[in-house]
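> Chain order of the listed sequences is A and B.
The first sequence stops at residue 449 when you use my numbering, and every number in between is there.
The second sequence stops at residue 449 when you use my numbering, and every number in between is there.
Worth double-checking, as some hints may not be accurate.
Repeated chains share a single entry, so a pair holds when one copy, or any two copies, can fit it.
In silico EDC-like links for lysine to aspartate or glutamate, alpha-carbon gap of 20 Å or less [to be verified]: (1) K325 / E182; (2) K199 / E303; (3) K117 / E369; (4) K117 / D347; (5) K199 / D250.
If you are wondering where the hints come from, they were derived from the structure by calculation, not from laboratory data.
There are 2 protein chains.
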Amino acid sequence: MPRDTASIVTRHQPRATSRPAWPPERRLLAWLHRMAGSPSIRLQLWDQSSTGPDQAAYTVTIADRGALYQLLRSPNMAFGDLYASGRITVSGALDEFLIHLYPSLAKGATLQPPWLARLWRDPAREGASEQDARLNIHHHYDLGNSFYRLWLDEAAMQYTCAYYEQPEYSLEQAQLAKLEHVCRKLCLKPGQTVVEAGCGWGGLARYMARYCGVRVKAFNISPEQIRWARERAQQEGVADQVEYIEDDYRNIGSGVRPMTRCDAFVSVGMLEHVGPANYPSLGQAINRVLKPEGIGLIHTIGRNRPAPVNGWIEKRIFPGCHVPGPVELMRLFEQSDFSVLDMENLRLHYARTLRHWRERFLAHREQVRADYDDTFVRAWDLYLAGSVAGFTTGTMQLFQVVFAPAASNRIPHNRHHMYRQSALAAGGKGSEKETAVAS
Amino acid sequence: MPRDTASIVTRHQPRATSRPAWPPERRLLAWLHRMAGSPSIRLQLWDQSSTGPDQAAYTVTIADRGALYQLLRSPNMAFGDLYASGRITVSGALDEFLIHLYPSLAKGATLQPPWLARLWRDPAREGASEQDARLNIHHHYDLGNSFYRLWLDEAAMQYTCAYYEQPEYSLEQAQLAKLEHVCRKLCLKPGQTVVEAGCGWGGLARYMARYCGVRVKAFNISPEQIRWARERAQQEGVADQVEYIEDDYRNIGSGVRPMTRCDAFVSVGMLEHVGPANYPSLGQAINRVLKPEGIGLIHTIGRNRPAPVNGWIEKRIFPGCHVPGPVELMRLFEQSDFSVLDMENLRLHYARTLRHWRERFLAHREQVRADYDDTFVRAWDLYLAGSVAGFTTGTMQLFQVVFAPAASNRIPHNRHHMYRQSALAAGGKGSEKETAVAS
Chain A
11 MPRDTASIVT
21 RHQPRATSRP
31 AWPPERRLLA
41 WLHRMAGSPS
51 IRLQLWDQSS
61 TGPDQAAYTV
71 TIADRGALYQ
81 LLRSPNMAFG
91 DLYASGRITV
101 SGALDEFLIH
111 LYPSLAKGAT
121 LQPPWLARLW
131 RDPAREGASE
141 QDARLNIHHH
151 YDLGNSFYRL
161 WLDEAAMQYT
171 CAYYEQPEYS
181 LEQAQLAKLE
191 HVCRKLCLKP
201 GQTVVEAGCG
211 WGGLARYMAR
221 YCGVRVKAFN
231 ISPEQIRWAR
241 ERAQQEGVAD
251 QVEYIEDDYR
261 NIGSGVRPMT
271 RCDAFVSVGM
281 LEHVGPANYP
291 SLGQAINRVL
301 KPEGIGLIHT
311 IGRNRPAPVN
321 GWIEKRIFPG
331 CHVPGPVELM
341 RLFEQSDFSV
351 LDMENLRLHY
361 ARTLRHWRER
371 FLAHREQVRA
381 DYDDTFVRAW
391 DLYLAGSVAG
401 FTTGTMQLFQ
411 VVFAPAASNR
421 IPHNRHHMYR
431 QSALAAGGKG
441 SEKETAVAS
Chain B
11 MPRDTASIVT
21 RHQPRATSRP
31 AWPPERRLLA
41 WLHRMAGSPS
51 IRLQLWDQSS
61 TGPDQAAYTV
71 TIADRGALYQ
81 LLRSPNMAFG
91 DLYASGRITV
101 SGALDEFLIH
111 LYPSLAKGAT
121 LQPPWLARLW
131 RDPAREGASE
141 QDARLNIHHH
151 YDLGNSFYRL
161 WLDEAAMQYT
171 CAYYEQPEYS
181 LEQAQLAKLE
191 HVCRKLCLKP
201 GQTVVEAGCG
211 WGGLARYMAR
221 YCGVRVKAFN
231 ISPEQIRWAR
241 ERAQQEGVAD
251 QVEYIEDDYR
261 NIGSGVRPMT
271 RCDAFVSVGM
281 LEHVGPANYP
291 SLGQAINRVL
301 KPEGIGLIHT
311 IGRNRPAPVN
321 GWIEKRIFPG
331 CHVPGPVELM
341 RLFEQSDFSV
351 LDMENLRLHY
361 ARTLRHWRER
371 FLAHREQVRA
381 DYDDTFVRAW
391 DLYLAGSVAG
401 FTTGTMQLFQ
411 VVFAPAASNR
421 IPHNRHHMYR
431 QSALAAGGKG
441 SEKETAVAS
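Please construct the entire structure, taking both the sequences and the accompanying hints into account.
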């Protein structure tokens, strides 16, 4: 069982039974409801006393006195842990409940006195050292490939936002369309070379090799993912075109990892683990390795304005995670003398991706329960449902940024090349492509 | 004659004749060449003494001693004034010369000791008051509509970057394509309402009314432009759909100018005159007037990193002009709680637009000389050629940013709607669209 969800259980044993709530506790409950922006949600205590409208679509039940005090002390952190351990329950669909709650929390935050805002604030993350980065990545991505296989797409094991070019796409289709969309943005041509930072299970690298005819060096510090990626590259017959390298992005093109310059640099879903303090190091790595006429793309979760990641997500699910606002994000390119060519926000595509993931995850919940435990299932369900809500309500954004070295004039003339035909039917080989990738 | 180009002549009368350059002056010339990054350009003094390679493709001749000292004191400012008054001449094509020079100047800037960088630095502009804004805009845009008619496109009098969807487009075609591209990004539908800030001669507003069937309130503080725009709206039969309002963007939707909320907000080429200190005021104006499910677009000249505008351009051509880097630009949206949906960089399209403008300007130089004088012709030629060079070498960028209120989910699903068909041939347009509107 992963370290941190195990600690949810051991640290928060509920008291056997709780006596009825005292009047001051009921008043604290009402105050908590107000500080949450007075959502149309009923908060109920262990003795059935409650606050909030009677006709509310959702009821949150707090099972014991200790849970109430934890929630008052640190609501973000406590809600996650208490939900995971079953001491908080929610009636109704969890994702819809959170979609309902999030805008209210934002309103509530404007009502909080400064001392309370400080007390409840999530801790900010500035950037992980190489050592911390390995631990953080291990924590999340080395849960076991078999776990992620249960609910990610079959073809490319993409654990990042898909591209629903057509709203009715399946997850598999949308992930393939995402890979194609990224390749088009990079204007790849056969024979070119690509460096990828943070390659996950290597699906994008294999796709670029097979369908764009390029050679790829793909970096990742998760041993589990690298192992899988290499096996799949062998099976798919692209092992001679794709080199998976177990190393940190900071070493790309450095003294310890010298390499010839590449035509394209791409990083999908890694920046969230980098942290703004390390953006200059990332920019230097790109500058070391990208040709003066090359093109780069960074795909990352973002926000409309900077704010720390939810404390519970950061502690239990994604340690070391930081999600930039557009200003922070642009600073990466300004500092490193890149020219921003294109930026696309795919927020609602991520909401849809996450709904698909959650459906599959819940369909396999018994399997996950058997492999881990009930706390783990509830924690991950909350994480996925919370992410659906974040991208649906606009708390979270998804940015794809295309950039080039400042002096390059070998940049795409316009964006028609991204839209000439459906991303899935590229070159009229839609079905061929699907079968090829699935086989 | 406009105030500031008149002052170029009166302030810088050349000495009648200059004695041969002294040895220290020749050494200063060589030093100036080094501080300009040692370009492959010959600098020559009034007595034929020179520095730089003999085989250089370009020769810059400094006609008198006073000109040399002005150049040493404040090269950006002095070069413009001296070129305009004929005391500096350049052999060869002016735009190609500047394209050659600019990267070298950037290299030179890294060699300058801090005291010199301070001495030569262009002054920063933080933002103009309403009063200053009127004077600044009057200075540039009230030169006379007949002047701009000589070299802008006929159809829509667009004094902003065109969109060369096909590289071979004429200026007229590319300006119409730009208007269509902007309308598509705004997802306009018949019957909607639009607010435009900084409408120039009103071409976009008329286009939106005619081809998208919307009603437009268009703001501008240039009386000359407003007068023209109203006449054209009458002639084109859209005067009942377009209201041109002579007022500052800061008053949009304010107490002095209350108005109902609109479906779209657009501003093309105004932000350069706003200044970062006023970005919050602009954001507030947009927030006052845009519906919660509305869409906005800002089109502006930008840079890869913030730097003051060339001192001569700022003083003689565009007073109060400030060009943001991407970080500054994103701050506008972050501060005002907008979600950035899309950003496109059209830098090379502006280089092409400026080449077309300059060709037309030079074709009418005798007319301009007759209406103004030779100094004015040379000043404007330098401004246009310098802008060609700025956009060609990447000193300048052109950003189009699409945004929406943070909580809106009525945002375009993807960007296919911008590319389904040629922007010029929209709906089999050209003729068909015209008939549709006329009927």
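> Under a CA distance limit of 20 Å, which applies to K117 and E369: within one copy, between copies, both, or neither?
Neither. Shortest intra-copy (30 Å) and inter-copy (56 Å) distances fail the 20 Å Cα cut-off.
> Between the shortest in-copy and the shortest cross-copy C-alpha distance, which are at most 20 Å for K199 and E303: within, between, both, or neither?
Result: close within a single copy only, 14 Å intra versus 40 Å inter.
> With 20 Å as the alpha-carbon cut-off, assign the pair K117 and D347 to within, between, both or neither.
Close across copies (14 Å), not inside one copy (38 Å); limit 20 Å.
> If the cut is 20 Å between Cα atoms, do K199 and D250 qualify within a copy, between copies, both or neither?
Classified as within; 18 Å inside a copy, 52 Å across copies.
> Treating 20 Å as the Cα threshold, decide for K325 and E182: within, between, both or neither.
Neither: 30 Å inside a copy, 58 Å across copies.
In this structure, the hints that do not hold are numbers 1, 3, in rising order.
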